[in-house]
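**Student:** The listed protein sequences derive, respectively, from chains A and B.
Just so you know, we're using my numbering here: the first sequence kicks off at 1 and counts up by one.
Just so you know, we're using my numbering here: the second sequence kicks off at 294 and counts up by one.
Please keep in mind that the hints were generated in silico from the structure rather than gathered at the bench.
Some clues are possibly wrong.
DSS-like, lysine-lysine: derived pairs with alpha carbons at most 25 angstroms apart [to be verified]: (1) 641(B) / 394(B); (2) 213(A) / 183(A); (3) 56(A) / 736(B); (4) 392(B) / 229(A); (5) 229(A) / 394(B); (6) 155(A) / 576(B); (7) 367(B) / 693(B); (8) 392(B) / 576(B); (9) 213(A) / 97(A); (10) 620(B) / 641(B); (11) 155(A) / 455(B); (12) 367(B) / 155(A); (13) 367(B) / 350(B); (14) 560(B) / 156(A); (15) 620(B) / 681(B); (16) 8(A) / 98(A); (17) 47(A) / 392(B); (18) 620(B) / 600(B); (19) 156(A) / 559(B); (20) 641(B) / 68(A); (21) 500(B) / 559(B); (22) 560(B) / 126(A); (23) 394(B) / 47(A); (24) 576(B) / 455(B).
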Amino acid sequence: MKKLYSNKFHILIFLLPALILFCGVLIAPIGASAYFSLFDWKGIGPKTFIGLSNYKELFTSNSIGFLKALRNSLLLAALSVGLQLPLALALALALGKKIKGERAFLSVYFMPVLISTVVIGQLWLKIYNPDYGILNVFLRAVGLENWTRIWLGTKKTALGAVLVPTLWQYVGYHMLLLYAGVKSVPIELREAAMLDGATDGQVNRYIVLPYIKPIVRISVIFAVTGSLKSFDLIYVLTNGGPLHSTEVPSTLMISMLFLRNRYGMGSTIAVLLILLCFGFALLINVMFKESEE
Amino acid sequence: MKKILALALALCMIFALAACGQQAAPAPAEKPAEKPAEAAPAEAAPAEAAPEQTVLKLWCIATESDANRPGYEKAIAEFEAAHPDIKIEWEAFENNSYKTKIKAAMMGGDTEDLPDIFFTWAGAFLGDFAEVGSAYCLDEAYKPFAGDLPEVMLQNSTYGGKHFGVPLTYNIVTLFANMDLLAEVGYTEIPQTYEDLTACCDALVAKGIIPFGCAGSETWCVTEYLEPIIEKTIGYEALGSIFAGQGSWNDPAIATAVDNFQGMVKKGYFDPNGMAIGNDQVKANFIDGQYAFYQNGSWNCGEIDAKETADGVNFEAALFPVMDSAKATYGQVIGGPSDTLAVCAYSKNADLAASVAFELGRSICHYCYLAGSGLPAWTPDYDTSEVKQLVSDVAAIVAKADGMVLFGDTAMSADPANTYLDYVAQVYGCELDGAGFVEGLTKDLG
Numbered sequence: 001m002k003k004l005y006s007n008k009f010h011i012l013i014f015l016l017p018a019l020i021l022f023c024g025v026l027i028a029p030i031g032a033s034a035y036f037s038l039f040d041w042k043g044i045g046p047k048t049f050i051g052l053s054n055y056k057e058l059f060t061s062n063s064i065g066f067l068k069a070l071r072n073s074l075l076l077a078a079l080s081v082g083l084q085l086p087l088a089l090a091l092a093l094a095l096g097k098k099i100k101g102e103r104a105f106l107s108v109y110f111m112p113v114l115i116s117t118v119v120i121g122q123l124w125l126k127i128y129n130p131d132y133g134i135l136n137v138f139l140r141a142v143g144l145e146n147w148t149r150i151w152l153g154t155k156k157t158a159l160g161a162v163l164v165p166t167l168w169q170y171v172g173y174h175m176l177l178l179y180a181g182v183k184s185v186p187i188e189l190r191e192a193a194m195l196d197g198a199t200d201g202q203v204n205r206y207i208v209l210p211y212i213k214p215i216v217r218i219s220v221i222f223a224v225t226g227s228l229k230s231f232d233l234i235y236v237l238t239n240g241g242p243l244h245s246t247e248v249p250s251t252l253m254i255s256m257l258f259l260r261n262r263y264g265m266g267s268t269i270a271v272l273l274i275l276l277c278f279g280f281a282l283l284i285n286v287m288f289k290e291s292e293e
Numbered sequence: 294m295k296k297i298l299a300l301a302l303a304l305c306m307i308f309a310l311a312a313c314g315q316q317a318a319p320a321p322a323e324k325p326a327e328k329p330a331e332a333a334p335a336e337a338a339p340a341e342a343a344p345e346q347t348v349l350k351l352w353c354i355a356t357e358s359d360a361n362r363p364g365y366e367k368a369i370a371e372f373e374a375a376h377p378d379i380k381i382e383w384e385a386f387e388n389n390s391y392k393t394k395i396k397a398a399m400m401g402g403d404t405e406d407l408p409d410i411f412f413t414w415a416g417a418f419l420g421d422f423a424e425v426g427s428a429y430c431l432d433e434a435y436k437p438f439a440g441d442l443p444e445v446m447l448q449n450s451t452y453g454g455k456h457f458g459v460p461l462t463y464n465i466v467t468l469f470a471n472m473d474l475l476a477e478v479g480y481t482e483i484p485q486t487y488e489d490l491t492a493c494c495d496a497l498v499a500k501g502i503i504p505f506g507c508a509g510s511e512t513w514c515v516t517e518y519l520e521p522i523i524e525k526t527i528g529y530e531a532l533g534s535i536f537a538g539q540g541s542w543n544d545p546a547i548a549t550a551v552d553n554f555q556g557m558v559k560k561g562y563f564d565p566n567g568m569a570i571g572n573d574q575v576k577a578n579f580i581d582g583q584y585a586f587y588q589n590g591s592w593n594c595g596e597i598d599a600k601e602t603a604d605g606v607n608f609e610a611a612l613f614p615v616m617d618s619a620k621a622t623y624g625q626v627i628g629g630p631s632d633t634l635a636v637c638a639y640s641k642n643a644d645l646a647a648s649v650a651f652e653l654g655r656s657i658c659h660y661c662y663l664a665g666s667g668l669p670a671w672t673p674d675y676d677t678s679e680v681k682q683l684v685s686d687v688a689a690i691v692a693k694a695d696g697m698v699l700f701g702d703t704a705m706s707a708d709p710a711n712t713y714l715d716y717v718a719q720v721y722g723c724e725l726d727g728a729g730f731v732e733g734l735t736k737d738l739g
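Using the sequences and the hints given, assemble the complete structure.
**Tutor:** This is the structure in structure tokens:
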């Protein structure tokens, strides 16, 4: 067996099927997108090579609004890290203390992750409906008529209204990741700290959090890259409207590809999204590494 | 020995992977020759022995909730009964997702999945397919049907002098009015002048009735209001020229028209909730008596007429009044033949599919006209006494039409059409005034 491992040719042969799959499914489409991003192309018919013009136009054109879409995604990423993850962590820490009904709470919090995003979108569309939506109905019922809004129909409220369900849906997902981490903390460590007189808060801060740091890092990466890639819920709720106020790079990409027939520009957005996701994942890794050191 | 074993194992794995792969797609068919159908179903002699069934795939947007659905069902059933040797396998997709699906499918080129016949919009949408050779030329297949289908109806699906589409029905932007609500403010007929219309709207607002319903989240619905106003200000020829890319948006009269429209929005003539709800709900609200007017395509006649018949609500149809009588007349309309069937150039049975498309098109037009979901692009050769009243009213309007301009987002190709829609949305959202609209479109589209 040692001889087998020492032969690089054998290693290559055994890795080949997986390598072919990896390249075919991941690398080749990225390469194709990068290639198409250099063309002015309707998706059908001849292509015109235009070099990096699509990239230039993406960052300079006001009518495309890529920077605004990117800003919305970054806002979502910031809220995911600043609101969603702390909430998920708080729930994970609370449930990790073997409270009564732990399993039931876990299931309830995780339920939105299991429901199809399109279904969630439809539910929130009904919640936000200006006529019969539960939100406006509730506000009217408690005498806050002035607070009622056309939540998804005005620029001022649409982005916030879209962000709420987007953040809410994945709280359970991050909670489950962090909960698994909390549960893996050796009981002896907790007990030793308690015997030394540490409070619950101190145990969480000095024992649990450092222990689950790798999982927190994974959660942050998922939250940030997930925000940059966010698409389905926004597509169902507003499709980037009104007046592009809820546009994110993914909805813009779909609009370029299938509404405007600008496959080159759509591919450019795809390439930038990939680069952004990789870039942020690397940055987060570096930040966590530095803090560990 | 171990080396040989390892190599053999690796080769087995590679072969297994290769075996799991799909069989190679057949070589792309050559671009079909533009020759006449040898055995078009319209002229085909009845076969003595039951021939093998030819399956033709049809993609359309006649979903369960679509007003044209019954028309498709009847037409296809009738066709299959008359032609037992041809089976129509049809699939219906939701309007917006269909636009994505058909383009993505055509991008793939020659595949087994492509339909033989597909629904499309005339104008630039079909034009893109025709330009790259994905749509089949129908010149020869049209000849036997020319007597029933006036050539003028094919003008929106004709590119470079060649016909690529079979028009089904045609539609115009129609101003529907709930006469019962108008009666509450003292109007017994739809206002015929702009001043009269605004006076009527003011009276409606004062009485707590919302004059217009419009789905702001679907910008094409906003164009159903804005385009007639621009047309009735600058005239149909000028607007048609702009949509065709020959004229310029740089016209102060367009800015005036846009400001007039925005003035109506600012005066509260439109349901503010319309920004957050879709057209289906807006239409339902109008039919339920929440708005006095609803300006949209004449394909809605059937649904609105059904409510009139069931509940005795009095609806009438008209056109938006003239804004500048020096340049426009009342009889200038927005619309024309747009709903179209086309044949995929990669179809193995393109000639047959072309003839079938014409036969189906005639039949779908027949049933949709009777159902009130469109006006007939084909000359009716059947009893039309059952045609719904609202449809007859709209047909009468069209009969007196002075000129027609195809819907802007259909006439323009995808990219400029969406740029135009962006500006329209900004006007409806009061982000941009008339001058800004004209300046922006002149800069972006010329």
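**Student:** Each hint should be assessed against the structure and marked as holding or not.
**Tutor:** Evaluated hints:
A threshold of 25 angstroms between alpha carbons decides the hint, and for residue 641(B) with residue 394(B) the separation of about 20 angstroms falls inside it, so the pair holds. Restraint check for residue 213(A) and residue 183(A): satisfied, since their Cα atoms lie roughly 13 angstroms apart, inside the 25 angstroms limit. Annotation: proposed proximity of residue 56(A) to residue 736(B) holds, straight-line Cα distance about 18 angstroms (limit 25 angstroms). The suggested pairing of residue 392(B) with residue 229(A) holds, with an alpha-carbon distance near 23 angstroms, which does not exceed 25 angstroms.
Under the criterion of a C-alpha separation no larger than 25 angstroms, the hint pairing residue 229(A) with residue 394(B) is consistent with the structure, at around 22 angstroms. Under the criterion of a C-alpha separation no larger than 25 angstroms, the hint pairing residue 155(A) with residue 576(B) is consistent with the structure, at around 24 angstroms. Taken as a hint, the residue 367(B) and residue 693(B) pair is broken in the structure, with Cα atoms around 31 angstroms apart against an allowance of 25 angstroms. Distance check on the hinted pair: residue 392(B) and residue 576(B) sit about 22 angstroms apart at the alpha-carbon level, within 25 angstroms; holds.
For the suggested pair residue 213(A) and residue 97(A), the alpha carbons sit about 18 angstroms apart, so the restraint of at most 25 angstroms is met. A distance of roughly 50 angstroms separates the Cα atoms of residue 620(B) and residue 641(B); the hinted pair therefore is violated under the 25 angstroms criterion. Between the alpha carbons of residue 155(A) and residue 455(B) the distance comes to roughly 46 angstroms, so the proposed pair goes past 25 angstroms and is violated. Distance restraint check for residue 367(B) and residue 155(A): the Cα-Cα separation of roughly 45 angstroms exceeds the 25 angstroms cut-off, and the hinted pair is therefore not satisfied.
Distance restraint check for residue 367(B) and residue 350(B): the Cα-Cα separation of roughly 17 angstroms lies within the 25 angstroms cut-off, and the hinted pair is therefore satisfied. With a C-alpha separation of about 21 angstroms, the suggested pairing of residue 560(B) with residue 156(A) holds against the 25 angstroms cut-off. For the suggested pair residue 620(B) and residue 681(B), the alpha carbons sit about 33 angstroms apart, so the restraint of at most 25 angstroms is broken. Using a Cα cut-off of 25 angstroms, the hinted pair residue 8(A) and residue 98(A) is violated, with the two alpha carbons roughly 50 angstroms apart.
Distance check on the hinted pair: residue 47(A) and residue 392(B) sit about 21 angstroms apart at the alpha-carbon level, within 25 angstroms; holds. At roughly 37 angstroms between alpha-carbon atoms, residue 620(B) and residue 600(B) are farther apart than 25 angstroms, so this suggested pair is violated. With a C-alpha separation of about 18 angstroms, the suggested pair residue 156(A) and residue 559(B) falls inside the 25 angstroms cut-off, and the hint holds. Simply put, residue 641(B) and residue 68(A) have alpha-carbon atoms about 47 angstroms apart, too far for the 25 angstroms limit, and the pair is violated.
Restraint check for residue 500(B) and residue 559(B): satisfied, since their Cα atoms lie roughly 17 angstroms apart, inside the 25 angstroms limit. Of the supplied pair hints, the one linking residue 560(B) and residue 126(A) is violated, its CA atoms being roughly 28 angstroms apart against a limit of 25 angstroms. At roughly 21 angstroms between alpha-carbon atoms, residue 394(B) and residue 47(A) fall within 25 angstroms of each other, so this suggested pair holds. Annotation: proposed proximity of residue 576(B) to residue 455(B) is violated, straight-line Cα distance about 37 angstroms (limit 25 angstroms).
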